[in-house]
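> Sequence:
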Amino acid sequence: MSHSTQARPATAHKGAPLKGRVRVPGDKSISHRAFMFGGLASGETRITGLLEGEDVLRTGEAMKAMGAVISRTGDEWVIQGTGNGCLLQPEAPLDFGNAGTGSRLTMGLVGTYDMETTFVGDASLSKRPMARVLDPLREMGVQVLRAAEGDRMPITLRGPKHAAPITYRVPMASAQVKSAVLLAGLNTPGVTTVLEPVMTRDHTEKMLRGFGAELEVETDANGLRTIRIQGQGRLTGQVIAVPGDPSSAAFPLVAALLVPGSDIVIENVLMNPTRTGLILTLQEMGASIDLLDRRSAGGEDVADLRVRSSDLRGVVVPPERAPSMIDEYPVLAVAAAFAEGTTVMEGLDELRVKESDRLAAVAAGLKANGVECREGEASLSVTGQPDGKGLGGGTVATHLDHRIAMAFLVMGLAAEKAVTVDDQTMISTSFPEFMDLMTGLGAEIQTDRAA
Numbered sequence: 001m002s003h004s005t006q007a008r009p010a011t012a013h014k015g016a017p018l019k020g021r022v023r024v025p026g027d028k029s030i031s032h033r034a035f036m037f038g039g040l041a042s043g044e045t046r047i048t049g050l051l052e053g054e055d056v057l058r059t060g061e062a063m064k065a066m067g068a069v070i071s072r073t074g075d076e077w078v079i080q081g082t083g084n085g086c087l088l089q090p091e092a093p094l095d096f097g098n099a100g101t102g103s104r105l106t107m108g109l110v111g112t113y114d115m116e117t118t119f120v121g122d123a124s125l126s127k128r129p130m131a132r133v134l135d136p137l138r139e140m141g142v143q144v145l146r147a148a149e150g151d152r153m154p155i156t157l158r159g160p161k162h163a164a165p166i167t168y169r170v171p172m173a174s175a176q177v178k179s180a181v182l183l184a185g186l187n188t189p190g191v192t193t194v195l196e197p198v199m200t201r202d203h204t205e206k207m208l209r210g211f212g213a214e215l216e217v218e219t220d221a222n223g224l225r226t227i228r229i230q231g232q233g234r235l236t237g238q239v240i241a242v243p244g245d246p247s248s249a250a251f252p253l254v255a256a257l258l259v260p261g262s263d264i265v266i267e268n269v270l271m272n273p274t275r276t277g278l279i280l281t282l283q284e285m286g287a288s289i290d291l292l293d294r295r296s297a298g299g300e301d302v303a304d305l306r307v308r309s310s311d312l313r314g315v316v317v318p319p320e321r322a323p324s325m326i327d328e329y330p331v332l333a334v335a336a337a338f339a340e341g342t343t344v345m346e347g348l349d350e351l352r353v354k355e356s357d358r359l360a361a362v363a364a365g366l367k368a369n370g371v372e373c374r375e376g377e378a379s380l381s382v383t384g385q386p387d388g389k390g391l392g393g394g395t396v397a398t399h400l401d402h403r404i405a406m407a408f409l410v411m412g413l414a415a416e417k418a419v420t421v422d423d424q425t426m427i428s429t430s431f432p433e434f435m436d437l438m439t440g441l442g443a444e445i446q447t448d449r450a451a
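Residue 1 is where the sequence shown starts when you use UniProt numbering, and the numbers rise one by one after that.
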């Protein structure tokens, strides 16, 4: 999405039951890392199932700008990597658009190189804090030559002649920060160590091992994970099949739970335990979600999900579950709006620094559509209206946030009155097929012309 793209509102209406079998796009987290590690490894990497959303493609463009050769043949992406330690200084700033994951991980990857790299992004990304990644990089010897106020983009990094390995305790539950430090360690002599008090998605660890990195993980009795990576090792190209993204699957899944009479199957969804918090929470709320044909693909657990409309009830979602479902809270809040009783979500401070202040955006969207809710500093409580009576009728400010847009379009499919989002153009950053997939299941979503 170009930074000047005009807003295009969309409106979702209550309609017929959702039916059918669908596949959601490849997992976003794994897709970003597949481009990065393939671009860095020696030899050839072949990827199928890649999420071809704008965020991931920005990461691919960044790797090309630093020497990787990337091409697409049919449904397969083929990468000739540079070899670890051999990235080239890009000739122009790396433009990550809206991609928080791509930009933060790439800062870690290139920060320890003896070169100068500039990172830019769109209006939304330029508001997001980068200090959480830059602070450990500074400890390794990376200079932040230029940055907007508050360590925000545009940012220019200058790597040291020889980076210093560090032991870094991640101060918040963030897979992005953990991954950035581990990737910085790839080009650093010696052993870089990350201490992770709360486990977050572990795709970086799994995939680095798959590419041949010397990486070990130990977990103590208190759950503290110690991750060590040996720097300056050899990575070798791999064949990767990317499973379906559970964060994208969340939208048709919740829609099918809320629209009476619905019965759908979502195929080939990633079931990594660090990513299944939403499914567990919805099942606690009474959701009918059956995991079919559980299997392993490329070192990750996957399954097909059969989802049928269900009567939900409010629950208390424990704060320690947040890292396993941090991107799914907007659509969980929508599910809670139709549940019997009150749903309480805690430990949501990370939502304040997503594509938007997601916590504030969700609360505002719910209130605009007649939902009783209360926003705390790091919590949200939602009191539901099981039949959707009186809900809807509002317009939601999306703040350039794809997950806010998709979550409230799901709400409109079950609310008594239609729900409008002020812009749906940014949905293409993570789920380009969203509109076609949902309407193919029977959803009534009307897209307006450019406003």
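Hints were generated in silico from the structure; no laboratory data involved.
Model, not experiment: these values are computed from the prediction.
Check before you lean on any hint, since a few could be wrong.
[Claimed, not checked] Using 30 Å as the maximum straight-line C-alpha spacing, the simulated DSBU-like pairs for lysine-lysine come out as follows:
no., residue 1, residue 2
1, K14, K417
2, K206, K64
3, K161, K417
4, K389, K417
5, K417, K127
6, K367, K389
7, K389, K19
8, K161, K64
9, K417, K64
[Stated by the list, open to error] Across the chosen pairs, the derived CB separations fall in these ranges:
no., residue 1, residue 2, range
10, L292, P160, 29 to 35 Å
11, R352, D387, 31 to 37 Å
12, G261, M172, 21 to 27 Å
13, R152, R308, 43 to 49 Å
14, P386, L145, 30 to 36 Å
For glycine and all other residues, C-beta sits at the position ideal for the given N, C-alpha and C.
> Hints first: check each against the structure and report whether it holds.
Against the structure, the hints:
For the proposed pair K14 and K417, the alpha carbon gap of about 7 Å is at most 30 Å, so the pair holds. Straight-line distance between C-alpha atoms of K206 and K64 comes to about 24 Å, which keeps the hinted pair within the 30 Å bound. At most 30 Å may separate the alpha-carbon atoms for a hinted pair to count; K161 and K417 exceed this at roughly 61 Å. Pair hint K389 plus K417 holds up; C-alpha atoms about 8 Å apart against a cutoff of 30 Å.
Of the pairs offered as hints, the one joining K417 and K127 is violated, with about 33 Å between alpha carbons and a cut-off of 30 Å exceeded. This hinted pair checks out: K367 and K389 have alpha carbons roughly 14 Å apart, not beyond 30 Å. A threshold of 30 Å between alpha carbons decides the hint, and for K389 with K19 the separation of about 23 Å falls inside it, so the pair holds. Of the supplied pair hints, the one linking K161 and K64 holds, its CA atoms being roughly 23 Å apart against a limit of 30 Å.
Of the pairs offered as hints, the one joining K417 and K64 is violated, with about 47 Å between alpha carbons and a cut-off of 30 Å exceeded. In this structure the supplied range 29 to 35 Å is violated for L292 paired with P160, their Cβ-Cβ distance being about 51 Å. A hinted range of 31 to 37 Å for the beta carbons of R352 and D387 is consistent with their spacing of about 33 Å. Taking the beta carbon of each, G261 and M172 are about 42 Å apart, not inside 21 to 27 Å as hinted.
A hinted range of 43 to 49 Å for the beta carbons of R152 and R308 is consistent with their spacing of about 45 Å. Between P386 and L145 the beta carbon distance is about 56 Å. The supplied range of 30 to 36 Å is therefore violated.
Taken one by one, the earlier hints fail for this structure at numbers 3, 5, 9, 10, 12 and 14, listed in ascending order.
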